[in-house]
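Listed in order, the protein sequences are those of chains A and B. Heads up: the first sequence at position 178 corresponds to 178 in the working numbering, and the numbers run straight through without jumps. Heads up: the second sequence at position 383 corresponds to 383 in the working numbering, and the numbers run straight through without jumps.
Since the hints were made in silico from the structure, they are not lab data. Since the structure is predicted, the reported quantities are computational estimates derived from the model, not experimental observations. Be aware that a few hints might be false.
Said to hold, decoys possible - List time: in silico DSS-like cross-link candidates among lysine-lysine, alpha-carbon distance up to 25 Å: (1) B:66 to B:207; (2) B:26 to B:136; (3) B:61 to B:337; (4) A:51 to A:66; (5) A:263 to A:170; (6) A:288 to A:335; (7) B:335 to A:335; (8) B:14 to B:263; (9) B:51 to B:61; (10) B:207 to B:14; (11) A:337 to B:51; (12) A:335 to B:51; (13) A:337 to A:358; (14) A:267 to A:365; (15) B:207 to B:267; (16) B:288 to A:51; (17) A:207 to A:267; (18) A:288 to B:51; (19) A:51 to B:337; (20) B:335 to A:51; (21) B:335 to A:61; (22) B:207 to B:51; (23) A:66 to A:207; (24) A:337 to A:365.
There are 2 protein chains.
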Amino acid sequence: MYQFIDNGTVTSAKGYYATGIHCGLKKRKKDVALIYSPTACTAAGTFTLNKVQAAPILVSKEIISKGTPVHAVLINSGNANACTGAQGHEDAIASQAYCAGLLSVPQASVLVSSTGVIGQLMPMHTFFSGIEQAVKTLRTDGGILAAKAIMTTDLQMKNFAVEVELTEGKVTIGGICKGSGMIMPNMATMLAFITTDAGIAQPLLQKMLVSAVNSSFNRISVDGDTSTNDMVILLANNAAGIAIEEGSESYNAFYSALEAVCKEMAKSIVVDGEGATKLVSISVHNAKTIADADDIARTIANSPLVKTAIHGCDANWGRILSAAGRSGVDFDPGKAKIYFDDLPILLEDYQIVLDEEKALAILQKDTMDIAIHINEGSCSTQWWTCDFSQDYIKINANYRT
Amino acid sequence: MYQFIDNGTVTSAKGYYATGIHCGLKKRKKDVALIYSPTACTAAGTFTLNKVQAAPILVSKEIISKGTPVHAVLINSGNANACTGAQGHEDAIASQAYCAGLLSVPQASVLVSSTGVIGQLMPMHTFFSGIEQAVKTLRTDGGILAAKAIMTTDLQMKNFAVEVELTEGKVTIGGICKGSGMIMPNMATMLAFITTDAGIAQPLLQKMLVSAVNSSFNRISVDGDTSTNDMVILLANNAAGIAIEEGSESYNAFYSALEAVCKEMAKSIVVDGEGATKLVSISVHNAKTIADADDIARTIANSPLVKTAIHGCDANWGRILSAAGRSGVDFDPGKAKIYFDDLPILLEDYQIVLDEEKALAILQKDTMDIAIHINEGSCSTQWWTCDFSQDYIKINANYRT
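Please take these sequences and the hints and turn them into a complete structure.
Structure, rendered in structure tokens:
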């Protein structure tokens, strides 16, 4: 049992402070965020698979892999500190140490994260002044400020939290994220920071995060192709005094809530960005394996022709089937079925049962589901994507009509 | 030794007739093309790898795979005859037979090809009238009409031809194609039809075409993801009375010319389409394998962030390196070098040697080369892509500045 909190954020859970300030890494907008827990947290993280890994990725990954207790996450926007060589690594370490000093916590208890321009050295004098300002302005309601400070091309601030009712009492999970669905297939840096006041041992926390990320951030059309700086961090400080153990009833309730927060964050990334007007879920059913289902869903979710057709409210199932056909998955297209929400569009043997009027009503909604059943097995998946609404796409959106 | 002919086309080689007419598959524009050689031709072809294959693909693939002599290629735009089941197959066969009857040639000597809307049955009455009109209007200078009739979302007609000087005399290779670089990563149907008056045995012709397609159409950012209808056809009618044998000097000269025609056609597809203002070649050097080089080149060529940076004349080498980093190829980014034409931008150990003014001068040209050297081996490749110039992309193009 969980419930979303209005305007919940990374300070909705007990015992967290946060802030977001402007120091000059960007021209005018906020560019440094800090999340802080006086109590040491267990910390989990997932990181970009790109061969080119930004300096802060390497620093933070080591902390997570060692299971080191964490007090703070220092995030800057405006400069990615990526492709910056040995100097970039030194700068990441220096920013971490400087922040740790100001907070009087161990250096290795500060995670660092950056997003912005690649290949430019961090202006450290500016950044240090920002870290100082951030530490001074930490607030128990500062989560919204932090959500603002991590934005780059994002048009919308992204923050969520849920309250979870457990038999032992109430815990909270809150998160902020950034990333923009406009850039397909992926590539804008995707960052997410999640906090909870539950108490969870590090290995279990890591396992839960990996699983939740896999069914959320890894199933949107902005994923897959990773940027140099992508990371998702989850902190647990046990300020609620409620421990979550594997296999317990509370574990399942907590995990469901965590996954729900991750899915909302992932979806918020999909719908952000110039021009996206619809959130579309892509469901694939009856695949031989989950990997097959994901390959088909990913290909449909990334297909510009599918996305333009959705924008043009064109029930162009041919583009959907064709995208599935080039996914690399072995299936018989003559056996495929396609649905928009519950409305059948195509049945077996290319039977077109499309009711244009009913399909149009679904296509005109803000959210819809496109499902394809491929009759090969029993595995399913769900991805999320957005429409392509840009003018230059109109030629394709209107091609059928 | 070969030379491009001004406004050369599929009737530039001796002994070919062609036409392009309007019958009503599209509202106003030409929608049926026919290419015809009274002398039977050897014929080679490459076809889409999509699991969903349009009816005409299946019909034409069988003809090519059997090495059947070919007299004609019947092409329609406006309707893809894809996902049309048993009826669609019958319709493709019927159009083939009807055309063969009018031409008095064997049914299996007529290749068929379609492009347009998926999932709608071909209006056969209309199509038959179009075939009749096409047969009646065949002309020795009709290649340009055919080039027009195969266009769908294409903004530009695409036709090329070269004269090849061999010791035995002169032969000609000419081609028309359609496809639009706007839709990335790929998906618009890509069709190409090439004719030559040289005499070449079918197995050798097939081998040459596969190789030429591999270094041209398969190395543009519109490829890889295939549509349901993609095909490339090469006909040889020996009207010049000059036979090409494998391993001869003439073979090499002819192959170079064929590859040149295919590359020009492929590049014309890349630069077509709303908004593309530049043709950019992506070269990858010093990879361990050709496959590695192609994976990196494809990822860079398909990267929206790279393409927007090019449009914004932003020497954003970080996006290029980051795209290479997510290609799945194992390499050390710290050893990579990046050049724009001959201008070094990034050298080993992240040494940024970028001269912004000189880089800008290159970025402002209509064509440029981006080269990345990855220091892992001795394999190279070259791909072609275009910039992304649409308004909605401006946010990213201008993000760095």
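Structure-based check of each hint:
1. B:66 to B:207: Holds: residue 66 of chain B and residue 207 of chain B sit about 14 Å apart, inside 25 Å.
2. B:26 to B:136: Holds, because 20 Å separates the two Cα atoms, which is no more than 25 Å.
3. B:61 to B:337: With Cα atoms ~43 Å apart, residue 61 of chain B and residue 337 of chain B exceed 25 Å; violated.
4. A:51 to A:66: holds, 21 Å
5. A:263 to A:170: holds, 21 Å
6. A:288 to A:335: Holds, because 14 Å separates the two Cα atoms, which is no more than 25 Å.
7. B:335 to A:335: violated, 49 Å
8. B:14 to B:263: holds, 22 Å
9. B:51 to B:61: holds, 14 Å
10. B:207 to B:14: Cα-Cα ~23 Å, so holds.
11. A:337 to B:51: Roughly 15 Å between the alpha carbons, so the hint for residue 337 of chain A and residue 51 of chain B holds.
12. A:335 to B:51: holds, 12 Å
13. A:337 to A:358: holds, 17 Å
14. A:267 to A:365: holds, 16 Å
15. B:207 to B:267: holds, 22 Å
16. B:288 to A:51: This hinted pair holds, its Cα atoms lying about 16 Å apart.
17. A:207 to A:267: holds, 22 Å
18. A:288 to B:51: holds, 16 Å
19. A:51 to B:337: OK: residue 51 of chain A and residue 337 of chain B at ~15 Å, within 25 Å.
20. B:335 to A:51: holds, 12 Å
21. B:335 to A:61: Given pair residue 335 of chain B, residue 61 of chain A holds - Cα atoms ~22 Å apart, limit 25 Å.
22. B:207 to B:51: Holds, at roughly 23 Å.
23. A:66 to A:207: holds, 14 Å
24. A:337 to A:365: Given pair residue 337 of chain A, residue 365 of chain A holds - Cα atoms ~22 Å apart, limit 25 Å.
Going down the numbered hints, you'll see the structure goes against 3, 7, while the others check out.
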